[in-house]
Amino acid sequence: MKSLHKYNNVTISKRRLKEDTSERRGAKMSGHDSKYFSTTKKGEIPELKEELNSQYKDKRKDAVKKVIAAMTVGKDVSSLFTDVVNCMQTENLELKKLVYLYLINYAKSQPDLAILAVNTFVKDSQDPNPLIRALAVRTMGCIRVDKITEYLCDPLQRCLKDDDPYVRKTAAICVAKLYDINAELVEDRGFLESLKDLISDNNPMVVANAVAALAEIQENSSGPIFEISSHTLSKLLTALNECTEWGQVFILDALSRYKAADAREAENIVERVTPRLQHANCAVVLSAVKMILQQMELITSTDVVRNLCKKMAPPLVTLLSAEPEIQYVALRNINLIVQRRPTILAHEIKVFFCKYNDPIYVKMEKLEIMIKLASDRNIDQVLLEFKEYATEVDVDFVRKAVRAIGRCAIKLERAAERCISVLLELIKIKVNYVVQEAIIVIKDIFRRYPNTYESIIATLCESLDTLDEPEAKASMIWIIGEYAERIDNADELLESFLESFPEEPAQVQLQLLTATVKLFLKKPTEGPQQMIQVSF
Amino acid sequence: MAGAVSALFLLDIKGRVLVWRDYRGDVSAIQAERFFTKLIEKEGDAQSQDPVVYDNGVSYLFIQHSNVYLMTASRQNCNAASLLFFLHRVVDVFKHYFEELEEESLRDNFVVVYELLDEMMDFGYPQYTEATILSEFIKTDAYRMEVTQRPPMAVTNAVSWRSEGILYKKNEVFLDVVESVNILVNSNGQIIRSDVVGALKMRTYLSGMPECKLGLNDRILLEAQGRTTKGKAIDLDDIKFHQCVRLARFENDRTISFIPPDGSFDLMTYRLNTQVKPLIWVEAQVEKHSRSRVEILVKARSQFKERSTATNVEIELPVSADASNPIIRTSMGSASYAPETDAFVWKIKSFPGGKEYMLRAEFTLPSVTDEEATPERKAPIRVKFEIPYFTVSGIQVRYLKIIEKSGYQALPWVRYITMAGEYELRLT
Chain B
1 MKSLHKYNNV
11 TISKRRLKED
21 TSERRGAKMS
31 GHDSKYFSTT
41 KKGEIPELKE
51 ELNSQYKDKR
61 KDAVKKVIAA
71 MTVGKDVSSL
81 FTDVVNCMQT
91 ENLELKKLVY
101 LYLINYAKSQ
111 PDLAILAVNT
121 FVKDSQDPNP
131 LIRALAVRTM
141 GCIRVDKITE
151 YLCDPLQRCL
161 KDDDPYVRKT
171 AAICVAKLYD
181 INAELVEDRG
191 FLESLKDLIS
201 DNNPMVVANA
211 VAALAEIQEN
221 SSGPIFEISS
231 HTLSKLLTAL
241 NECTEWGQVF
251 ILDALSRYKA
261 ADAREAENIV
271 ERVTPRLQHA
281 NCAVVLSAVK
291 MILQQMELIT
301 STDVVRNLCK
311 KMAPPLVTLL
321 SAEPEIQYVA
331 LRNINLIVQR
341 RPTILAHEIK
351 VFFCKYNDPI
361 YVKMEKLEIM
371 IKLASDRNID
381 QVLLEFKEYA
391 TEVDVDFVRK
401 AVRAIGRCAI
411 KLERAAERCI
421 SVLLELIKIK
431 VNYVVQEAII
441 VIKDIFRRYP
451 NTYESIIATL
461 CESLDTLDEP
471 EAKASMIWII
481 GEYAERIDNA
491 DELLESFLES
501 FPEEPAQVQL
511 QLLTATVKLF
521 LKKPTEGPQQ
531 MIQVSF
Chain R
1 MAGAVSALFL
11 LDIKGRVLVW
21 RDYRGDVSAI
31 QAERFFTKLI
41 EKEGDAQSQD
51 PVVYDNGVSY
61 LFIQHSNVYL
71 MTASRQNCNA
81 ASLLFFLHRV
91 VDVFKHYFEE
101 LEEESLRDNF
111 VVVYELLDEM
121 MDFGYPQYTE
131 ATILSEFIKT
141 DAYRMEVTQR
151 PPMAVTNAVS
161 WRSEGILYKK
171 NEVFLDVVES
181 VNILVNSNGQ
191 IIRSDVVGAL
201 KMRTYLSGMP
211 ECKLGLNDRI
221 LLEAQGRTTK
231 GKAIDLDDIK
241 FHQCVRLARF
251 ENDRTISFIP
261 PDGSFDLMTY
271 RLNTQVKPLI
281 WVEAQVEKHS
291 RSRVEILVKA
301 RSQFKERSTA
311 TNVEIELPVS
321 ADASNPIIRT
331 SMGSASYAPE
341 TDAFVWKIKS
351 FPGGKEYMLR
361 AEFTLPSVTD
371 EEATPERKAP
381 IRVKFEIPYF
391 TVSGIQVRYL
401 KIIEKSGYQA
411 LPWVRYITMA
421 GEYELRLT
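As you go down the protein sequences, you meet chains B and R in turn. Position 341 (the first sequence) corresponds to 341 in our numbering; numbering is contiguous. Position 112 (the second sequence) corresponds to 112 in our numbering; numbering is contiguous.
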């Protein structure tokens, strides 16, 4: 390409980008609001009161900022209610927003005085500036005082039909606010119908907010309010292509309740939703995946299903390069997805291998998925990984890794022997908690495959003295009791445990009892009989 | 699954409220304390906690950024992915406004913070997080105008990321193709996993509402067009696009068409799963001569073509936490002991392809050890590098067409670079 030049300077772009942006923002300067947090010696409230009633605009504005600062640090400034509300009638948008914020916080504690604000609210809701109209209904909806709510209805009715989409999208959410405060009012005044009309609005953002509001109202109502017809469905799928990323999430989440009539409709929906898998917003991707999975239940053609599975795998894998918190949510979802559709990620187990710097909560979830995806084909590699993890430092993670080996042994019969040999290798390292955890899982392996691996018992017995956790002790005792006839000195071993019998926790005591009884039944000699007596 | 947030909290590192915004009136400031107690309770170290905490009917989702926690409290069943992603966006917006998001900057700008919280979320539903557009109508003090502002059209437009009427004297687009190589090599030298994550980072200085079309050497596209792929065409495993790209169009015919935001943004990110040969291979031999004397021999080899050169190579070699008296020699670059990370750091400014360099180090360990000690954390060798003018994937920008109704000519500039992402080689 001719017109594409290489830059001369090749220092890494990040650095350059940073310089560029700081240059551009240099002039912007950050604020110095922290001064409003400082207090003077003279009683704070009386002083603020005086300033709020100052004849100078700037002084009043500063005073309101101080009030908000005080509110922010948790001081009660509700006694200034009348004075603050008096500052509400102003051309200054910043000041107006601050007064509104104050009202949201304190109107509830001063319901009788809140009525003072109503006139300005109603006036603002008819302001020529859409920003102010929207601000007025948005704020009124947040004030949960009956007297204000009564006066909200008319402005809201108007704003739902406003010319400006910014006002309409705010009004749409406001209906949900009103429903939360007074559901009857919403139903009586016909707001639900107006809200449903907004589904056909020509502005995608308005549609998205109307969907969010309707979905919430539906959730809190017993009757059918928001039923998605095939007609609405197609409208919403169109809006999906145009609205903001957050709006896309609302729509996808709402549509996940939709039940397609048949396989064909389901296929059509899926086709319209799949492009969302390419979106940079992880939430859009996950919501799309959810919706596709739901529609897949109806799809009968195995080809289509296989194809969809293939399409979903790469986006799911990419989620693992997102921020760790998002990775966590993705992993929790993937955990469920692989249970329903194991084929989707069957070949991707490697992406779940833990990285050194993964936060521990991500590692734990990855481990869980590795167990689910482990198969005869990949088990050797998986075991190598588990073994690596079992020598890390985080105790919980190490334990989980050891347990994971055991769970794989139980899940994959043909790999059980390899799993056991890894466990034995780990026991030989003689790290106390690794040994104990290993013994716990080996007990489960013995239960799953009886009379198969008892040759390793001798090795286990070597670690007998180091066991100090109840679950590990109980497991070891169970093993001894179960295989008492093959262990020559079973009675001695159990006896050593019996010495501390009274101090042991219940689960160990119980295992000791059953183990001694088993021993007695298998080797009905004097020793065990005495031991049983000791136990009682 | 409709679910909205009850309140959004900004907390300091000790869990005290800096600013909070109540959206639904069903939680109170006490929730912040509850949340933090629960966090501490679970285990002293808050950083190791999963980002979702549930307590007594309220779900908390949180992220941490420098010395600030951003947390949402909710009584409803919320979309966790959406909210966590939203919190990250909130961080971006604050950073755009105050350079850095930290306790100080929040205090210094609490008025704007409240304004932004009011605009970004309504009744607990995320609304709008485009920082550049927000700053058109929510300004910091220094730039606040007395004329009343109106909401920019962009807030509700289908093109919600760009305002109309932008004007540049010189119309230019800078495109950086940045690829990070992630690799994990086992202690037996086997590559366990490797992938390449690429990003097309754009900076646009374009007037008006330009229509852009980007052409890549994407195999699927070229084959669909029936072209013989004589150059190298590549397969991209997964592509993620900035919201400006028309996804439905891409799904139909693989065309990447968009009206870009103004300034810098990531146009797309992609991922390749192909096995890549490690660009820089590092081998370490550790010899314990006695209980207290250890010698390490490290070989680093560049496995790319000779015409490329890796720059700013940094190899981090973990050693025992109680190592002392290190003696290090290198055949190239310089190396030093960094006790704070328990590692030797070997820096090589320029590492041409097809070369091999060595490092030999010796250090002593205390002769007495704790028998009961738990094993030390086995850190891997980590490598950082940058290779300019080079991509692993072979991705190429074939063209970037820019069409605006005023008909100006715009110059696109493209640049390629590869760097190490999570590049780990486990030690035996």
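Calculated from the structure, these hints are not laboratory results. Treat the hints loosely; a few may be bogus.
[To be verified] Covered by chain R, according to a simulated footprint, are these stretches of chain B (three or more residues, beta-carbon under 8 Å):
hint	stretch
1	97-105
2	139-153
3	175-181
4	228-238
5	476-484
[Said to hold, decoys possible] Capping the alpha-carbon separation at 30 Å, the derived lysine-lysine pairs in DSSO-like fashion look like this:
hint	chain 1	residue 1	chain 2	residue 2
6	R	14	B	65
7	B	355	R	355
8	B	355	R	169
9	R	299	B	355
10	B	355	R	95
11	R	38	B	430
12	R	288	B	355
13	R	201	B	311
14	B	387	R	288
15	B	350	R	213
16	B	355	R	305
17	R	170	B	355
18	B	387	R	299
19	R	232	B	75
20	R	299	B	350
21	R	42	B	355
[Unchecked claim] The following residues of chain B were derived to be distant from chain R, with all beta-carbon distances above 12 Å:
hint	residue
22	158
23	164
24	168
25	197
26	271
27	309
28	311
29	343
30	495
31	510
Keep in mind it's a predicted model, so treat the numbers as computed, not measured. From the three backbone atoms N, C-alpha and C, an ideal C-beta is built for every residue, glycine too.
Hint-by-hint comparison with the structure:
Coverage of the stretch 97-105 of chain B by chain R holds. Counting CB-CB distances below 8 Å, 5 residues qualify, and the rule asks for three or more. Counting residues of the stretch 139-153 of chain B whose CB lies closer than 8 Å to any CB of chain R gives 3, which reaches the minimum of 3, so the coverage claim holds. Under the rule that three or more residues need a Cβ within less than 8 Å of chain R, the assignment of the stretch 175-181 of chain B holds, with 3 such residues. Against chain R, the stretch 228-238 of chain B contributes 0 residues with a C-beta closer than 8 Å to a partner C-beta. That does not satisfy the three-residue criterion, and the hint is violated.
Check result for the stretch 476-484 of chain B against chain R: violated, 0 residues qualifying (beta carbon to beta carbon below 8 Å, three or more required). A threshold of 30 Å between alpha carbons decides the hint, and for residue 14/R with residue 65/B the separation of about 25 Å falls inside it, so the pair holds. Pair hint residue 355/B plus residue 355/R holds up; C-alpha atoms about 28 Å apart against a cutoff of 30 Å. Proposed proximity of residue 355/B and residue 169/R is contradicted: the alpha carbons are some 47 Å apart, above 30 Å.
Among the hinted pairs, residue 299/R with residue 355/B is consistent with the structure: their alpha-carbon atoms are about 23 Å apart, no more than 30 Å. Pair hint residue 355/B plus residue 95/R holds up; C-alpha atoms about 28 Å apart against a cutoff of 30 Å. Simply put, residue 38/R and residue 430/B have alpha-carbon atoms about 35 Å apart, too far for the 30 Å limit, and the pair is violated. Between residue 288/R and residue 355/B the alpha-carbon distance is near 28 Å, which keeps this suggested pair within the 30 Å criterion.
With a C-alpha separation of about 25 Å, the suggested pair residue 201/R and residue 311/B falls inside the 30 Å cut-off, and the hint holds. With a C-alpha separation of about 23 Å, the suggested pairing of residue 387/B with residue 288/R holds against the 30 Å cut-off. Distance hint between residue 350/B and residue 213/R is unfulfilled; the C-alpha atoms sit about 35 Å from each other, more than 30 Å. Proximity of residue 355/B to residue 305/R is assessed by CA-CA distance (about 29 Å); at most 30 Å being required, the pair is judged to hold.
Annotation: proposed proximity of residue 170/R to residue 355/B is violated, straight-line Cα distance about 45 Å (limit 30 Å). Taking the CA atoms of residue 387/B and residue 299/R, the gap is near 26 Å; set against the 30 Å cutoff, the hint holds. Of the supplied pair hints, the one linking residue 232/R and residue 75/B is violated, its CA atoms being roughly 66 Å apart against a limit of 30 Å. Taking the CA atoms of residue 299/R and residue 350/B, the gap is about 27 Å. The hint holds against a cut of 30 Å.
For a cut-off of 30 Å, the pair hint linking residue 42/R to residue 355/B stands: about 24 Å separates their Cα positions. No Cβ of chain R comes within 12 Å of the Cβ of residue 158/B; the nearest lies about 17 Å off, and the non-interface call holds. A Cβ of chain R approaches the Cβ of residue 164/B within 12 Å, the least distance being about 8 Å, so the stated non-interface status is violated. Its beta-carbon lying about 8 Å from the closest one in chain R, residue 168/B breaks the requirement of being farther than 12 Å from that chain.
At roughly 17 Å from the closest C-beta of chain R, the C-beta of residue 197/B stays outside 12 Å, upholding its exclusion from the interface. With 12 Å as the threshold on Cβ separation, the claim that residue 271/B sits away from chain R is violated: the shortest Cβ distance comes to roughly 9 Å. Every CB of chain R lies more than 12 Å from the CB of residue 309/B, the least distance being 14 Å, so the non-interface label holds. Not every beta carbon of chain R lies more than 12 Å from that of residue 311/B, the smallest distance being close to 10 Å; the non-interface claim is violated.
Residue 343/B, annotated as away from the interface, keeps every beta carbon of chain R farther than 12 Å; the closest lies near 17 Å. In this structure residue 495/B is separated from chain R by more than 12 Å, as the shortest Cβ-Cβ distance comes to about 27 Å. Against the 12 Å criterion, residue 510/B stays outside the reach of chain R, whose nearest CB is about 30 Å from its own CB.
Hint compliance for this structure: hints 4, 5, 8, 11, 15, 17, 19, 23, 24, 26, 28 are not met, and every other hint is.
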